[in-house]
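Q: Top to bottom, those sequences are chains A and B. Each residue of the first sequence is one higher than the one before, starting from 1 at the first, in the numbering used here. Each residue of the second sequence is one higher than the one before, starting from 385 at the first, in the numbering used here.
Where hints are given, some of them may not hold.
Selected chain B positions facing chain A (Cβ under 8 Å, derived; list incomplete) [what the hints assert, rightly or not]:
| no. | residue |
| --- | --- |
| 1 | 501 |
| 2 | 502 |
| 3 | 503 |
| 4 | 504 |
| 5 | 505 |
| 6 | 542 |
| 7 | 543 |
| 8 | 546 |
| 9 | 547 |
| 10 | 665 |
| 11 | 689 |
| 12 | 697 |
Listed below are the simulated EDC-like cross-link pairs for lysine to aspartate or glutamate, each with C-alpha atoms no more than 20 Å apart in a straight line [as the list claims (entries may be wrong)]:
| no. | chain 1 | residue 1 | chain 2 | residue 2 |
| --- | --- | --- | --- | --- |
| 13 | B | 430 | B | 504 |
| 14 | A | 288 | B | 667 |
| 15 | B | 549 | A | 121 |
| 16 | B | 615 | B | 660 |
| 17 | B | 670 | A | 283 |
| 18 | A | 165 | B | 504 |
| 19 | B | 672 | A | 283 |
| 20 | B | 549 | A | 120 |
| 21 | B | 672 | B | 644 |
| 22 | A | 286 | B | 667 |
| 23 | B | 639 | B | 650 |
| 24 | B | 670 | B | 660 |
| 25 | A | 165 | B | 505 |
FRET-style restraints, in silico, Cβ to Cβ [to be verified]:
| no. | chain 1 | residue 1 | chain 2 | residue 2 | range |
| --- | --- | --- | --- | --- | --- |
| 26 | B | 476 | A | 107 | 52 to 58 Å |
| 27 | B | 486 | A | 363 | 42 to 48 Å |
| 28 | A | 181 | B | 430 | 56 to 62 Å |
| 29 | A | 94 | B | 640 | 43 to 49 Å |
| 30 | A | 382 | B | 478 | 54 to 60 Å |
| 31 | B | 672 | A | 232 | 31 to 37 Å |
| 32 | B | 603 | A | 112 | 26 to 32 Å |
| 33 | B | 435 | A | 112 | 46 to 52 Å |
| 34 | A | 131 | B | 594 | 48 to 54 Å |
| 35 | A | 204 | B | 428 | 54 to 60 Å |
| 36 | A | 286 | B | 483 | 43 to 49 Å |
Hint data in this document are derived by calculation from the structure and do not stem from the laboratory. By construction, the Cβ of each residue, glycine as well, lies at the ideal position given by its N, Cα and C atoms.
There are 2 protein chains.
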Amino acid sequence: MKTMKQNICNRRTFLTVTTLTAGSAVFLKRNIALSTQISNEKSVMKFSFRPYELKLNHPFTLATSSRTVTPGVQVEIEFGGKTGYGEAALPPYLGESTESVSAFLKRIDWTAFSNPFEMEDILGSIDEIADNNTAAKAAVDIALHDLNGKLLGVPCYQLLGLSPKQIPPTTFTISIAEPDVIRTQTQNAAGKFKILKVKLGRDNDKEIIETIRSVTDLPLIVDVNQGWKDKHYALDNIYWLREKGIVMVEQPLPKSWWEEAGWLTERSPLPIFADESIQRISDVMKIKGYFSGINIKLMKCTGMREAWKMITLARACHLGVMLGCMTETSCAIAAAVHLSSAADFVDLDGNLLIANDLFQGIRLENGRQLPTDLPGLGINKIEQ
Amino acid sequence: MKTMKQNICNRRTFLTVTTLTAGSAVFLKRNIALSTQISNEKSVMKFSFRPYELKLNHPFTLATSSRTVTPGVQVEIEFGGKTGYGEAALPPYLGESTESVSAFLKRIDWTAFSNPFEMEDILGSIDEIADNNTAAKAAVDIALHDLNGKLLGVPCYQLLGLSPKQIPPTTFTISIAEPDVIRTQTQNAAGKFKILKVKLGRDNDKEIIETIRSVTDLPLIVDVNQGWKDKHYALDNIYWLREKGIVMVEQPLPKSWWEEAGWLTERSPLPIFADESIQRISDVMKIKGYFSGINIKLMKCTGMREAWKMITLARACHLGVMLGCMTETSCAIAAAVHLSSAADFVDLDGNLLIANDLFQGIRLENGRQLPTDLPGLGINKIEQ
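In isolation and in its complexed conformation, chain A is listed as follows:
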C-alpha cells in the first residue's frame, strides 16, 4: 500500500500538469482531492517524540521550590508532507516526568486514526487511555493543531476565528530574589513589558512590592501560589495591594479552601483568579461563585482544544480568563498565543526564560507576544 505522503506527491505531479490547462479551478480541485483522500484512505500519522531539557536563564523560584532546568518532551506528527510540532513541559510539582510521558505516548495506537482533522475523536480517544497525563496529552494536541494549520496553509488563530489584533500584553514574571536582583530584573523588564507579575506568599510580600514600586509604576499581577493561609490576612493584603497598583491576585489561598476563596472573592476589591484550583474543563463550573476568573494552562488542561472549550465555558459563567504557561519553548508558548486574543490576561513569558529554545516564531512587540502569520503555530525550528 502506498503511503499518504507518496499519494500526495503523485497527486501533486498530476496537478502540476493540470495547472497548465485548467487555471483557476486547480486549487479547488487539489483541495477536494486532499480532503477526499484524507477521509477515504487508511493512512497513518507518523508520530515521534524525544526528551528535551529546558535550561532556565535564571533559577525559577515559587513559594515552595526553586530550580534551574525543566524537563520536557518534544513531539512531532508527520502527515501529508507536513510536520506538526508539539511539546510537553514538565515542571516536577505537576507530577509528570519524561518517563511517564514516554510511557503514555507509547500507548497511543496511531493506526486507529487516519485523518488528523478529526480532533474530537483523536483527542477524545487519547484522553481515555489513562487519567491525568495532561502534559503528554497537550503535546499531541499542540502537534495536531500545528499540523492541521500547515495542511490548510493558515495560522491556528485563523482556524479558531480569532484575530491577533486583540491579543493583550503579556505579563513578565519577576522572580523572588534579593532586593537588588529584583530591582535589576524589574528595570530590565519595565522597558519591554506593559504589565508585570510577581510571586508572593512568603513573609516578605510587602518588601517585594515596595522594591518593584521603587522602579516602576507598571500594572502588576501577584501570584500567591496558595501561599496565604488565612482569609483575613489575605483580604488585608489585597486592600494594601490595590493601593500599590496591583490589578489582579492569583490563587491567594490553598486550592482546597473553596469556602474561604468564595468569602475572599466576594469581599476583594481586586479580581481573584484560580490557578491551582482549576485544571480541566470539568473544573470550570465549580469555580463560579468562588473566584473571579481562571488561569488556563495548556499543560494542565490537555491542550488547545480543551482550552478553547474552557474559554467558552468561562465566558458563559461570567468568569475572567487568563492564559498561563510553564517554562516552555516557543512551540507550546505559540500554541497559547494563538488562543490569547480571547483572554483578559496573558501570562506567556515561558519562552523568554529559557536559554535553549528550539523554535523561533513568537515576537515580543510592544509588550505583546504575537504569532507570525505562517501556517499552523507559525514557528520554525532553530538549527542547533
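Chain A is fixed; fit chain B onto it per the hints.
A: Just chain B, lined up with the frame of chain A:
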C-alpha cells in the same frame, strides 16, 4: 486599488508559472500568500441578499398554528473568488420577517471587516447592531462558515474537528392530521428513517400515537410545543408514552414554567428537552436542573459558531444536545448537519419538507442526513 479577486488571479498566474520549477513548495507558498494577503489588505467582502419563499410539500401544523409557506432570506458573501451561502428561515411565530431581516442586514458595515476568518470579531460586531434578529445573524454566520471552508478547501465539519461518521440518524416529523393521513405519512417515513418525531399537545395525543404505532415500532420523539398545561397530566402522559416506545419528550410545558419543568424532569422516566425555553448561549446555564437537554436551532441562536459554543457548554453542564431546524433549504440544514456529529438527537428534516429547495448536497443515507466532502457546507446551487 485592485480588488482582492484580481490580486488572487494575478497571484494564481504567477503560481502557475512557479509550479513548473518549484514543485511541492508551491502549495505552501500559495497558502502563505493568501494568508498574508488577507491579513494585510483592506479588501471588502461583497455581501448580498434576497427574499425567498419556501413552499412546503404539506401544510405544517403545530399545536397553535398551520401554514403552507415559510418566508426566508438567502444571503451570499463573495471574497477571494469564492461565494459563501447563508440563509434566514423565518417561521412567523419567531417574530422575524423578510422586512426585519432586510432592515437588519442593511445595517452591517462590511467595510469594517477585511478578513472573513475573524469570525469572533465579525459575528460579535454584528450581534451588537441590535438585539434579537437571530435568523438574520444566522444567515451571515452560515455564509461565513461556507465561505471560509471554501477558501481553505475543506468541509466545515473538518474545521470543527468533527467526523461525519458519528452523525446520529435524523428524526422525521409526522404532521398532525387525520388518522388516514398520519398512517400514510408514517408508512412513507418508516422505510427511510430510523427515528420519527410527532407533534403532540392537542386533545388527541393518544390517538395520534396509537395511529403511528399501528404502522411502525420505530423509536419516537414527541414534541409537545408547550401544549400540556398541567405537570401531573404531563407526567402521566410521559409514563404512558414510555410504554409506547417514545424515547424523548420536547418542551412539554409552557416555556415560563421553570419550576414545573424541574419537577417533571426529576420524576420523568424519559429525558425532557427544552426547545422554546432555550434560545442562545446565555440561556444554557439556566437550563441545568430543569431539563435533561436542549434543542439548539441555528435560526434561534445566531448560527453555527454560537451553536458550537452551546454544545460545549451543554456538555459541561451534563445536558443532552439536540440539533433542530425550521423549514429551510439544504443550505441552513447543511450548516446544522456539519455540527451534528456532536449531538445526541438530530432533527434536521427541514429540507425534505419543501418543494423548491435551492441547493443540493445533503444526502439522506440509512436515515442519516450526511454532508458531502466538498469544501464549506458542501452544497451546490440547483439551476432554477
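Q: Enumerate the violated hints, using their earlier numbering and listing them in ascending order.
A: none
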